[in-house]
Amino acid sequence: MLSQTLAAEVLSLARRGGADFAELFAEDTLTTTLRLHQGEVKDAGGGNLFGAGLRLLYGTRVVYAYTNDVTPTGLRDLADQVARARGGAGETTREGTGGLDFRRVDAAPLYVAREHPLHAAKRDKLALMRRAHGAAAGVGDVKTVDVNYLDRVQRVLIANSEGVWAEDERVWTRLTVSAIAQDGTLRETGSYGPGAGQGLEFFETATPEQIGAEAARIANAMLRAGYAPAGKLPVVIGNEFGGVIFHEACGHILETTAVEKNASVFADKLGEKIAHESVTAIDDGTIPGAWGMVTVDDEGMPGERTVLIEKGVLKSFMVDRVGSLKTGYARTGSGRRQNYTFAPASRMRSTFIDNGQETPESLISGVKRGIYARKMGGGSVTPGTGDYNFAVQEAYMIRDGQVAEPLKGASLVGNGAQDLRNIVGVAGDLALGQGMCGSVSGSLPTDVGQPHILISEITVGGRA
Amino acid sequence: MTQTEQLSIADARAYLLDRARERGVTLEVYGERGTSTSVEAFGGEVSEFKLEARQGVALRVLVKGAWGHSFTENLSRPALDRALDSAIENAELVAPEPGAGLVAWPEPPALDLYGEGLSGVSVEQKVQVALDLDRAAREADPRVVSVPYGGYQDSDSQRLVGNTAGLSREARQLYALHYTAPLVSEGGQNKMKPDWQFTREFTELDPTRTALSAVEKALALLGARPAPSGTFPAVISGECLAELLALFAGMFSGKMVEEGKSPLAGRLGEPVASPLVTLRDDPTPVRGLNSRAFDAEGCPSVPLTLIEGGRLSAFMHNAQTAARAGTVSTGHAARQGLQGTVGVAPSNLILQAGDTDAAALASGLTGVRLTGVSGGHAGANPITGDFSLQAEGFWLEDGVTAYPLEVFTVAGNILDLLAGIEAVGNELHDTPDAVSAPDVRVGALAIGGA
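Line by line, the protein sequences are chains A and B.
Residues 1 to 464, numbered by full-length UniProt numbering, are exactly what the first sequence covers, in order.
Residues 1 to 450, numbered by full-length UniProt numbering, are exactly what the second sequence covers, in order.
It is worth saying that the hints were derived from the structure and are not from the lab.
Computed from a predicted model, the values in this text were never measured in an experiment.
Be aware that one or more of the hints could be misleading.
Straight-line Cα separation of at most 25 Å, DSS-like style, residue types lysine-lysine; simulated pairs [unchecked claim]:
no.	chain 1	residue 1	chain 2	residue 2
1	A	261	B	64
2	B	64	A	42
3	A	232	A	368
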């Protein structure tokens, strides 16, 4: 993308003000977005995200600047600007201008796209979408179907003053179906959107038919549902996207971005038991073809598999470069950013609760009166307090150990530190679900995941 | 990554319109360029200093009655050519639309969103705002344990639209803001509450006031007790009502209506809210967060009343949704950055203040004072109007605040809630969502707690 000579010059220029560390991140990203509404192509777009960012560290203080002008002149100007930003470009260390000894980061790609989105015709992508539409339209009471397709190919270069030189191409594809079921004035929605760090071959395993049918199934299942009850109840949460509970309740506050500011209730709990012994939780960047895969992170470090909680004991945080400087913990390959407009921060990759011994049936059968949250929506957390919430897309009442009538409008709220102790049963059917996670360094593809779990008590927000 | 000359957005627009005319293509070019500075402070020091410069163009072409989109931040001539090719290729995939076309709109209103500018403001002054805010929040009360999030941010941006029908529009705007979120702790309870200030004049920023206000709001949440579960009368703060309205603004979009995704479809002229409710969208206040003289298609911006005295009086439209609905654009064409397509979105939504003062609003009420909701991206469904959200608030006994409530939930339907408004406060509260609303009282609100 850029010559090593130019990158070395820019890094040296940027450090003239006495910075301890300089890092250049350049990006050239091509996206395709397509939308079918009622089977007709409504939107076709996409384009080219293109720019570079320079990060300087003075101790743990960060100066970051970016530009779209990725010409030699544009990058030299950026380096001047970033060097001046701290005020005064006094000491000049010209050593090494043009002579940084770059070492290529030796990380073999975890996955290579077989049907690369840039080599596939848009008509082929539309054909996948039409198959998904066909599997949802008219099923039961489904009256309205939207199908969204996204592919994103991000080519990056990360070079830094320690001599790191990492280039990577990240390929993501995703297909999302939203179905609206309607009967008179009753109306409900269902949506399903799996994705992967793969090319179009992903849709050989997650077929468009399965994706469309799942969205339609949820919309139909919820159409005649009554409202969920309100109050504290035991809840069985489904696998796959159900993992959003761990993501919100615990994941975010195990990122050093929260820990370093003492805005995490787990900041001083390393080595302590923070969860029920049935809980082992992992954040993994090394799953080939996963939506949250990082061959290298956005600081040029190869991804890792990080055990966060082992049998209830807090084992590790997720650590980026600045987080490591501030907390002393070793980096875990968790430095991620949406694009060149963000400095990296510690972020989740594929985060999941590991398999336990139970079965979904055994968990449900032990509940006298509670909720089965089969499909989750999204959620959020307030770092600092650990208070979190998430929405349930598909829920059922559990009565006397049996799944009973469907419920709509359920949300679950709680506090991460407390509810982690209330996970009292974990099944063995781990699966990952895909989402976009928003935080300080932008919106990122992350997997959430878990087997079915039982939470002894959680606040359910309904209105019955 | 091609390292060739980058054009300005104005030159890129001229270049693209020339190329389109040569090729006989109907083209609209939308361009954005912005520079901004942000400073985050933590623990008495600047933790992050960021300088941003971003520009790019979005293209929309009309080929045989069908729109194709593309965008590029690479403004070299080869990249612009590729973007034009890509938009044309996309148009060939899309279904044609009746009434599709570009318009050379009349002149927009004169609107000064630039103020005095930031040219006389030094980097040191900006840094000082962030540090003052951090210090004032930390020193405000011994129960402040940390101020994890806080800082200063400004932006100087330019926006332009041009099309092959002869339209050419440009506008500049500027803002400065600061925000803080102090974390307070007492008796094992942690609470955090943000506050902020937005202005177009740097000298108006008052970090001490913002810091004290945020700390006061956070401290008020300490001592929380479990919330009951059930349905209670409630006062909803203007900030909270504005958060709810922001989540459901899509109901008023002509695009959502035509696609069968708005519960208000087919209800123009009907009562949809309490007669006390009047809701407007106004793109023209100088202090509005989303103010603008023209929309993403270059159509002039004017205020629009969506609900008048409880009756649904209009939907928001861009030129295309208007053409399909047999009406005219209301100037609500919107782009989310350069990457999306042209949609429909509000500018500044304002639920008009009423005539009840704050004390009278809560008078005699035993129930809930709801001050905030979160989790709306998943827990609010704009297609049905249903919501089930994490909530924050207080218990009221006979109109007097008794104690704050531990994390609880609130659930309902936005249209039922608007219909159930019994009294409207006389003071407007602005929010970072660009929605302003007064406090209101409702007869029944479902909450879930212990």
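Open item on the list: Would the hint linking residue 232/A and residue 368/A be met if the CA-CA limit is 25 Å?
Closed with: Measuring from Cα to Cα gives roughly 13 Å; hence the hint holds.
Open item on the list: Does residue 42/A sit within 25 Å of residue 64/B, going by the straight-line distance between their CA atoms?
Closed with: 14 Å, holds
TODO: Quickly compare the C-alpha distance for residue 261/A and residue 64/B to 25 Å and report which way the hint goes.
DONE: At roughly 56 Å apart (the allowed maximum being 25 Å), residue 64/B and residue 261/A break the hint.
Consistency with the previously given hints fails for number 1 only.
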